[in-house]
Every structure is written in C-alpha cells, then in structure tokens.
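Novice: Sequence:
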Amino acid sequence: ITIIQGDPGEGKTTFILQLIARLTTGRPAWEGMPPMTHANVIYQTAEDGLSDTIKPRLVAAGAACDKVLVIDDSDRALTLEDDRLEQAIVQTHARLVVLDPIQGYIGAGVDMHRANEIRPLMHKVGVLAEKHHCAIVLIGHMNKNSGEKSSYRGLGSIDFQAAARSVLVVGRIKDDPTLRVVCPTKSSLAPEGKAIAFRLDPEQGFQWAGEYDISAEDLLSGNSRGHKLREAQSFLQEVLAEGAMLQTEIEAAAERKGIKPKTLRNARYELGVTSRKVGKRWLWELPQE
1 ITIIQGDPGE
11 GKTTFILQLI
21 ARLTTGRPAW
31 EGMPPMTHAN
41 VIYQTAEDGL
51 SDTIKPRLVA
61 AGAACDKVLV
71 IDDSDRALTL
81 EDDRLEQAIV
91 QTHARLVVLD
101 PIQGYIGAGV
111 DMHRANEIRP
121 LMHKVGVLAE
131 KHHCAIVLIG
141 HMNKNSGEKS
151 SYRGLGSIDF
161 QAAARSVLVV
171 GRIKDDPTLR
181 VVCPTKSSLA
191 PEGKAIAFRL
201 DPEQGFQWAG
211 EYDISAEDLL
221 SGNSRGHKLR
231 EAQSFLQEVL
241 AEGAMLQTEI
251 EAAAERKGIK
261 PKTLRNARYE
271 LGVTSRKVGK
281 RWLWELPQE
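Here the sequence shown stands for residues 1 to 289, numbered as in the numbering used here.
Check before you lean on any hint, since a few could be wrong.
[Stated by the list, open to error] Below are the EDC-like pairs computed for lysine to aspartate or glutamate, each with C-alpha atoms no more than 20 Å apart in a straight line:
1) Lys174 <-> Glu231
2) Lys260 <-> Glu242
3) Lys260 <-> Asp175
4) Lys262 <-> Asp213
5) Lys174 <-> Glu270
6) Lys124 <-> Asp75
7) Lys280 <-> Glu249
8) Lys55 <-> Asp66
9) Lys228 <-> Glu255
10) Lys228 <-> Glu238
11) Lys257 <-> Glu238
12) Lys124 <-> Asp175
13) Lys228 <-> Asp175
[Stated by the list, open to error] Estimated spans, in silico, between C-beta atoms of each pair:
14) Thr37 <-> Arg114: 37 to 43 Å
15) His113 <-> His38: 36 to 42 Å
16) Asp52 <-> Asp111: 31 to 37 Å
17) Gln87 <-> Gly126: 16 to 22 Å
18) Lys131 <-> Pro191: 24 to 30 Å
19) Pro28 <-> Glu251: 25 to 31 Å
20) Gln247 <-> Ala77: 55 to 61 Å
21) Thr178 <-> Ala77: 31 to 37 Å
22) Glu130 <-> Ile71: 19 to 25 Å
23) Ala77 <-> Asp176: 37 to 43 Å
24) Gly243 <-> Pro35: 35 to 41 Å
25) Glu130 <-> Ala244: 50 to 56 Å
26) Ile71 <-> Leu246: 55 to 61 Å
Simulated from the structure, these hints should not be mistaken for lab results.
Glycine residues also receive a C-beta, built at the ideal position from the N, C-alpha and C atoms.
Please work from the sequences and hints to get the whole structure.
Specialist: What follows is the structure, encoded as structure tokens:
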C-alpha cells in the first residue's frame, strides 16, 4: 500500500496519471530508471469525470487507455471492503489499483478518524495487495494543521499511514508556482528515497525536473529554501558570465561559499545551465540567449 497525499490542487492526480501512462506502455517511470513491464491498471476516482477529465489527461500523458480499467460503481458505491475490488483484480490481472481520493472509498458507515474502524479496513486492503501481488495506491488530502509533522497531516486516523508501506507528499514550491515536489515520508521496504520534482507548465505540460533538496516539513510549511536557491543561481550566473567553466572548479567554488551540491544542482536546472564534455573533463555554461 502506498499513500500519496497533499493539499488540493498540488498535483497528486497529475503525478499518478503520469505514472499510470508509463506503466501501461512499459516506459521508465522517469529519466534514468529502467523501463517498466507494461501492466493493467484499475483507476477509480470519486472527484473527476472519467470521460471528460481523466481520459483526456491520460491520452495527453501517452497512456495505453485500453489498459486503464474502471469498476462500474454507478449503481452501488465502491468501498475498500467491496468484493468487486478483488474480483476486478483477478479478472483483469491488474498490477496497480488507484483509489482517488481515499475519502471516497472508506464507506458511509466508517468513521475515518476512529482507529478501531480504520485498522481492520486497512489490514484487509494490505492482505488483498499481498495476495494478488498488486500495488494499491490511495490518494489523500491533507488536513489544515500546518504546524504538525507531515505524518499527522493526512486526513483521518494515523492508522492509514501506519498500514502503508510507503507514504509520499506532493506539494508546490512557494517561489515557483509551476514546480511540484514529491517527497517520501515513509518507506518500510527500502531506504527512503530522495525527493523528486516535476514541472506543470501551461505551454510545455508535464516535465520531470530531477531530484530536489527539500524535506516534507519544509515543503508543507512553504519553506522552499528559496533564499539559498537564489543565492546559488546568482553564484552560477556570476561565475559563468564570461563563458564556460570546468564543472570541478564550479563545484569547488560553490563549496567554499557554503552552497550544498543539491542546491547547486537545483540552481543549475532552474537556470538551464548546460554541460558538455571536452576531452575527459566537463564544462558548464549558461544557455545561449
């Protein structure tokens, strides 16, 4: 079980739809990763229309839409305890199930704030995932307690997160409204990964932006470390103003100024600094106007 959570409008659904597109077509999840084995996906949404909203976004992402399947819940609402969920996994051999948002599928008689009601429900979901070797992703909104740790900001009982093997937080960077970051806050089966960023540009659409140096708490609080990033950007603009420079020299100079490697890397991406190899050495330079 994986939980992906964040405030409304931060890009949670966009993020999962991009992953679905890559899974259904056997592409790498993002640059630098190996291609995935293409698979069927069950995607249920209680917030957006499938035909007028979700399908166009899947098509734009390059998904194989014939591999994205939906359980018909028009006559009877689907819940986490519903036998139709297991039946659909068996019939379609789906390797990923996405329920977006989790609040829409807990059932009318379940209080999501009561641990004694959520714990057995999540246990059943975990057994289902393990039995059929199927990843189950639950999309959730955050509560408004901005002063709390990220693990306590998911709506409902903490038992949601306790049952999950992985928890990711999606949020936007305060100083750059087109940039979103996916930050891991829990990873039970592997070392905790690094935060990765993606850009939602009105003209160029979705673009992966690589690793991003920020914690979940900073992301949720709006502390995007913008000052340090701007400092690193100014540094790069200054040292590259006269032309290309050796990467090793830039990194050494940045270290002397107290600029961390990840911050330097983020600044390099933001400025569009390019690299080229000359002999055995790498040069960085500002993009041509």
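Novice: All the hints need checking, so say for each whether the structure fits it.
Specialist: Here's how the hints hold up against the structure:
no. : hint                          : result
1   : Lys174 <-> Glu231             : 16 Å, holds
2   : Lys260 <-> Glu242             : 23 Å, violated
3   : Lys260 <-> Asp175             : 19 Å, holds
4   : Lys262 <-> Asp213             : 6 Å, holds
5   : Lys174 <-> Glu270             : 14 Å, holds
6   : Lys124 <-> Asp75              : 24 Å, violated
7   : Lys280 <-> Glu249             : 14 Å, holds
8   : Lys55 <-> Asp66               : 11 Å, holds
9   : Lys228 <-> Glu255             : 13 Å, holds
10  : Lys228 <-> Glu238             : 15 Å, holds
11  : Lys257 <-> Glu238             : 13 Å, holds
12  : Lys124 <-> Asp175             : 42 Å, violated
13  : Lys228 <-> Asp175             : 12 Å, holds
14  : Thr37 <-> Arg114: 37 to 43 Å  : 39 Å, holds
15  : His113 <-> His38: 36 to 42 Å  : 39 Å, holds
16  : Asp52 <-> Asp111: 31 to 37 Å  : 33 Å, holds
17  : Gln87 <-> Gly126: 16 to 22 Å  : 18 Å, holds
18  : Lys131 <-> Pro191: 24 to 30 Å : 26 Å, holds
19  : Pro28 <-> Glu251: 25 to 31 Å  : 27 Å, holds
20  : Gln247 <-> Ala77: 55 to 61 Å  : 56 Å, holds
21  : Thr178 <-> Ala77: 31 to 37 Å  : 36 Å, holds
22  : Glu130 <-> Ile71: 19 to 25 Å  : 20 Å, holds
23  : Ala77 <-> Asp176: 37 to 43 Å  : 39 Å, holds
24  : Gly243 <-> Pro35: 35 to 41 Å  : 38 Å, holds
25  : Glu130 <-> Ala244: 50 to 56 Å : 53 Å, holds
26  : Ile71 <-> Leu246: 55 to 61 Å  : 57 Å, holds
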